[in-house]
Structures are given as structure tokens and as C-alpha cells.
Amino acid sequence: MELFTPDFGLVFWMFVAFVILFLVLAKWGWPVIIKSMENRADTIDKGVEYAREAKEQLDNARSEAQKYVAEAQKQQAEILRDAAKMKTQIIEEARNEASAEAKKVMDAAKVSIEQSRKEAELQFRNEVSKFSIEIAEKMVRNQMKSDKAQVELVDKLLNEIEKN
Amino acid sequence: MNQPIEMTKHFKHIVALMLALLFAFPVSASADQEKGDEKKDVNVKEIIFEHLGDGYGWEVPFSHVYRIPLPVIVKAEDGKWFCFSSASLTEVEVVEDMKTGEKEKHLLPVVKKVERNGRDYEFIIAKVSKHKDKVVQIFPLSPQEESRVVAMADSIAVESGSSEGAAVVPGYVYHDGKYYREYRTFDISITKNVLALFICVIIVTAMVMSVVRYYSRKGLKAPRKGMGFMEMLVDFIYTGVIKSTLGAEKGRRFAPFLLTCFFFILVMNLVGLIVIFPGGANLTGNIAVTLVLALLTFIVTNVLGKKHYWKEIFWPDVPIWLKCPLPIMQVIEIFGIFTKPAALCVRLFANMMGGHMIVITLVLLIFIFAAFGAAAAGASVVISIVFTVFMLLLDVLVSFIQAYVFTMLSTMFIAMSQEDGHAHGESAAAELSADVEA
Chain A
8 MELFTPDFGL
18 VFWMFVAFVI
28 LFLVLAKWGW
38 PVIIKSMENR
48 ADTIDKGVEY
58 AREAKEQLDN
68 ARSEAQKYVA
78 EAQKQQAEIL
88 RDAAKMKTQI
98 IEEARNEASA
108 EAKKVMDAAK
118 VSIEQSRKEA
128 ELQFRNEVSK
138 FSIEIAEKMV
148 RNQMKSDKAQ
158 VELVDKLLNE
168 IEKN
Chain B
343 MNQPIEMTKH
353 FKHIVALMLA
363 LLFAFPVSAS
373 ADQEKGDEKK
383 DVNVKEIIFE
393 HLGDGYGWEV
403 PFSHVYRIPL
413 PVIVKAEDGK
423 WFCFSSASLT
433 EVEVVEDMKT
443 GEKEKHLLPV
453 VKKVERNGRD
463 YEFIIAKVSK
473 HKDKVVQIFP
483 LSPQEESRVV
493 AMADSIAVES
503 GSSEGAAVVP
513 GYVYHDGKYY
523 REYRTFDISI
533 TKNVLALFIC
543 VIIVTAMVMS
553 VVRYYSRKGL
563 KAPRKGMGFM
573 EMLVDFIYTG
583 VIKSTLGAEK
593 GRRFAPFLLT
603 CFFFILVMNL
613 VGLIVIFPGG
623 ANLTGNIAVT
633 LVLALLTFIV
643 TNVLGKKHYW
653 KEIFWPDVPI
663 WLKCPLPIMQ
673 VIEIFGIFTK
683 PAALCVRLFA
693 NMMGGHMIVI
703 TLVLLIFIFA
713 AFGAAAAGAS
723 VVISIVFTVF
733 MLLLDVLVSF
743 IQAYVFTMLS
753 TMFIAMSQED
763 GHAHGESAAA
773 ELSADVEA
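From first to last, the protein sequence lines stand for chains A and B. If you're matching positions, the first sequence starts at 8 in my numbering and goes up one per residue. If you're matching positions, the second sequence starts at 343 in my numbering and goes up one per residue.
Here chain A stands alone, though its shape is the one from the complex (with noise of 0.2 Å):
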């Protein structure tokens, strides 16, 4: 059986070309293929591990905008609560001042107005009883015109003395 007895020559030559192909690939070949899928793989990785990192920090910055965000608004509504508080201070102030300064304007028009009325009191009294004096003298000197009256009456009053 030819098949199963190994020729010589081919043992050889065989064993002359897996050596050279065993150098040449041992020293320019493999190491080199087999670096550079080691140096991909790792870069790969460093390269997912650094986008993880980014990531990461991406979503720290996110949150942390959000954070000013919120304190920001925090802060506005504060503001905003403090200014309408002042304003209606303010206005509460402002009122209450005015009508203090209106009830003072009142209060000196009530005290004049008072006065006025008891001047004009006093003057109208004063000129009822003159009126009512230059009525009666006028009254008087009109019935006193006739003597007969005029001794009626001294009658009259005399008669009243008497009886007192």
C-alpha cells in the first residue's frame, strides 16, 4: 500500500517548508496580527469604558443644571413672594398713612366747620335779638301810638304790680 508508507522526499520537503513558513510567520506574522487584535480589543474597550465615564458625567452635569435650575426658580418665586409682600406693605403703609393724613384734614374741617357754625350761631343770635328788639320797639311804638292805650297799659302793669 503505497498510500501508507510515507515518501522520503515529501517527508522532507514537507518538513523544509513548515519550518520556513514557521519562521517567517513566527518572526513578521502572528505576533504582529496577534498584537494589534489585542491592541484594537483593548482600545475598544478604553474607548467604551471612556463613553460609560462621559456618559455618566454627562448625566452628573445634567442633574446638577437641573439642580441650579430648580434653586434658581426656588430663588425667583422667593423674590417674587417677598416683592408682593413689600407691595402690599407698601400699599398698606401708604393707605393707612393717607387716611390718617385724610382723617387730620377731617378733623381740622370738623373743628373749623364747628367754629364757623358756632360763630355764625353767636352772630345769627346776635342778630335775631337786635331784630327782635327793633321788632318789638317798632310793635311797641306802633300800640303806643294812642295815649289811651298807652294808659291801658300803664293800667295794666300796674295792676299787675298790685297784685304781686
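Derived from the structure by calculation, the hints contain no laboratory data. Don't take each hint at face value.
Within a straight-line C-alpha distance of at most 35 Å, the following computed DSBU-like cross-link-like pairs (lysine-lysine) qualify [as the list claims (entries may be wrong)]: (1) A:Lys62 <-> B:Lys560; (2) B:Lys653 <-> B:Lys682; (3) A:Lys53 <-> B:Lys682; (4) B:Lys445 <-> A:Lys34.
Here are the simulated distance ranges between beta carbons [stated by the list, open to error]: (5) A:Ala79 <-> B:Lys567: 49 to 57 Å; (6) B:Lys567 <-> A:Ala58: 26 to 34 Å; (7) A:Asp66 <-> B:Ala590: 43 to 51 Å; (8) A:Glu45 <-> B:Lys567: 36 to 44 Å; (9) A:Glu71 <-> B:Met551: 51 to 59 Å; (10) A:Phe11 <-> B:Ala717: 36 to 44 Å; (11) A:Phe11 <-> B:Val470: 19 to 27 Å; (12) B:Asp762 <-> A:Glu45: 20 to 28 Å; (13) A:Phe11 <-> B:Asp577: 34 to 42 Å; (14) B:Arg555 <-> A:Ala79: 57 to 65 Å; (15) B:Val434 <-> A:Phe11: 26 to 34 Å; (16) B:Arg555 <-> A:Phe11: 38 to 46 Å; (17) A:Glu45 <-> B:Arg555: 32 to 40 Å; (18) A:Ala58 <-> B:Val402: 55 to 63 Å.
Since this is a predicted model, take the numbers as computed values, not measurements. Just so you know, even glycine gets a beta-carbon here, dropped at the ideal spot from N, CA and C.
Using the hints provided, position chain B relative to the given structure of chain A.
Just chain B now, with coordinates in the frame of chain A:
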């Protein structure tokens, strides 16, 4: 290489039979039968062995007689080296058929004469000899010796019961009606298989170097298409087999050998499946090739083996009565050192040779069945072609699997010889951590 079996003829037959099936069933049937009487029977064994074996020349595609000449390098009996073209060992003889005028070409061996220092050296490709199809140096016989050899040949022929042709007499070669004394030369010719080996070496180098060149030019950019596939294979073997079995550090040390093994075997397997010139050589189906591969694994395993490996062989961890008075385990272990690479050698050889043999046999079925008329021939053509294609595709798969299995087993044998024993747990832990990292 020398028998008049013609692939061209076969090819023509296939085409002719297909056409016959299509157009002229009954006509071709009768014509075929007429022809069949003249044809010699198909010598199946001869054809199979020729296709599986080596040769001094390489067939020109689609021509069975013309050969690409290759250098023959031989050492004669007196220790002188000779180198000549394989074309000078054969001659194409054209035989014209008297009736049909059809020309048939035969390849015949001829004697190559070289004169050096006043001495004649004669070489021939032996046909009827113990060293069939090898280059032998021949010496003419004296008349007495010749008559003795002829008598021996006759008795051998009577014993074996075969009447046709000349009988094989050990130590003698029959050529052109005469016996000569033969000397099997020390032969390191660049045969078909050797040239195919060199072609495979070039292919593997080109494949690997193209990837290397790509890396040096493009840096970390991942290669695409063919080179990407190449890289995938490297990664598959390196990460999947070598690193996972040997660990990262030892893996790096043994990777060049194992990767070279894998790619060389893979390329040899696949090139062997190609039918014409750059392929067609049944390399890994040749036991010499697988023997060298297995031998190299054997050398790497045993020469670089650690102390623990040898301790396991000569003093394994088994009950004392298995190893002390009678060295049972030692014998088994030492036997195992040799059977492991032997199994490697035979596994690859048998798988690849088997695949080739099945394909050739399937094709030959057509010519065997052709004797039974056109209908049988037509049917067998269809069936054979379908099965042949299926087998070839299967062989592509087998090519890969066998290269993988060879590499994997070599890796395991090396791993066994590299074990440190006490560092068992450490390496496992390292592997685990490597897995976690990955």
C-alpha cells in the same frame, strides 16, 4: 501519470452522455454499445490511486498526457546527485485508431540517460516493480542473470495466477520487454505534492502578510471582507482555542506554531479540493505530510514538556500497586506519548484521503455504469454529479473541521505537557479572572 486514463476523455464522455440523454436516447445507446467493446475496462483502483498519489509532473489542466515538467533530484547508487526535468522521463505516444481515425495519446515512461565522468547513469519511472511510479536507477543484466530473473518472474506469475503483463520481481524492474536490476534512488525531487506544498506556503504567507501589511498601514482600523475573515479565523483559533486552553502567557508563546499549523492545514486541505493546476494535489491526504505535522507536535510537546509532565508519565497519581512492582501505568503512559501524535497523523490523513476517494469513486461510477447502456449511464451521471457536489461541499466543511481538530488537539497535548501541577488552581483562577475581564 503514465496510464492512458484521460480526464479529457472522461470529460467528453460526461458531456456526450448528457447530450445523448437529451437528444438521442436510442441512437446513442446502440452507438455506445458498439464502442464499448473496443474500450478497455475502467481500472478503478488504478485511477483512484493515481489521483490520490504523487507524481513527477503536474497535469496541464484538462489534458491527461501533457505535464508541467518539474525537477527530479535523485542520488544514484554511487552517491552522485542528479537533477533533470521530469519531462525527460516520459514521452507522449500518439496511437491512431485504424477504423475511426481517432487519435489517442498515451504517456509512456522512457529511460533517461545521463553520462558523467565516462559512466552511464540510467533512470526510469518504474512501472512493473516494487517501487511503482518512483524514479529508479536501472542496470542492464548479464544474459545469465536475465534468464534467472525471467524464470523467477514466471514462477511468481504462476503462483499469483495472473497471466497478463510481466510479474513483479523484487529488486528488478521490467521495462519495454526486459528486466533490469533496479536501485531505488534517494529521491528528493520537487514532485507535484512538493510544488503544491510550496504553493500553499506562499498562499499562507501571502494571507498572513496581507493582514500584517494592513495593520502597519491602517493601524487600529478593523479590516473588512477577506482580511476581516482572515482575522476572524486567527481570533477564532487564538482566543477560542489557544488562549482558553493554554492561558494568555503560554498561549502567546505557542500561538505561532499552532496558528501556522491551522492555516497551513486549512490551505492544504482546501487547495487539495481544487481540481486543476494550482490545486489537485492530495496533500493532507498524504501520510508523509500529516506525519511531519504530527511529528512536529510530538517534538513541541515532549521537548518543551515541563517536569510535571514527565512526573505524570513515570510516577502518575495512581494506587501504588499499579506502578510499583510492575510498571503498568508507565507502559501505558509511554505508549500514550506515541499514540497521541499517531492519532493526529492518521485522523487528518484518513479524513482527507477518504473525502477525495469518495469523490473520485462517485465520478468513476459513471464510467462503470456506462457499460450497461445509456439509460444506466444517464441516471448515474445525474446521481453521481449530485453526490459529488454534495461530497465536495462536505469536504470543504471537513477541511475546516480537520484543521480545527488538529490544532485543538495539538493545543491540548501542549497544554498537558506545560502544566505545572501545583499551579493548577492559579491558572484556573487566572482563567476565571480573564473571563470576567472579557
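Evaluated hints:
1. A:Lys62 <-> B:Lys560: Holds, because 29 Å separates the two Cα atoms, which is no more than 35 Å.
2. B:Lys653 <-> B:Lys682: holds, 18 Å
3. A:Lys53 <-> B:Lys682: violated, 43 Å
4. B:Lys445 <-> A:Lys34: With a Cα-Cα distance of about 55 Å, the restraint between B:Lys445 and A:Lys34 is violated, given a limit of 35 Å.
5. A:Ala79 <-> B:Lys567: 49 to 57 Å: holds, 56 Å
6. B:Lys567 <-> A:Ala58: 26 to 34 Å: holds, 27 Å
7. A:Asp66 <-> B:Ala590: 43 to 51 Å: violated, 35 Å
8. A:Glu45 <-> B:Lys567: 36 to 44 Å: The hint (36 to 44 Å, Cβ to Cβ) is violated, given that A:Glu45 and B:Lys567 are roughly 22 Å apart.
9. A:Glu71 <-> B:Met551: 51 to 59 Å: holds, 53 Å
10. A:Phe11 <-> B:Ala717: 36 to 44 Å: Holds, since A:Phe11 and B:Ala717 (Cβ atoms, about 39 Å apart) stay within the stated range.
11. A:Phe11 <-> B:Val470: 19 to 27 Å: holds, 21 Å
12. B:Asp762 <-> A:Glu45: 20 to 28 Å: Given about 24 Å between the Cβ atoms, the range holds.
13. A:Phe11 <-> B:Asp577: 34 to 42 Å: holds, 37 Å
14. B:Arg555 <-> A:Ala79: 57 to 65 Å: holds, 59 Å
15. B:Val434 <-> A:Phe11: 26 to 34 Å: Roughly 32 Å apart at Cβ, these two residues keep to the hinted range, so it holds.
16. B:Arg555 <-> A:Phe11: 38 to 46 Å: Cβ of B:Arg555 to Cβ of A:Phe11: about 42 Å, so the range 38 to 46 Å holds.
17. A:Glu45 <-> B:Arg555: 32 to 40 Å: violated, 18 Å
18. A:Ala58 <-> B:Val402: 55 to 63 Å: holds, 59 Å
Of the numbered hints given earlier, the model fails hints 3, 4, 7, 8 and 17; all others are met.
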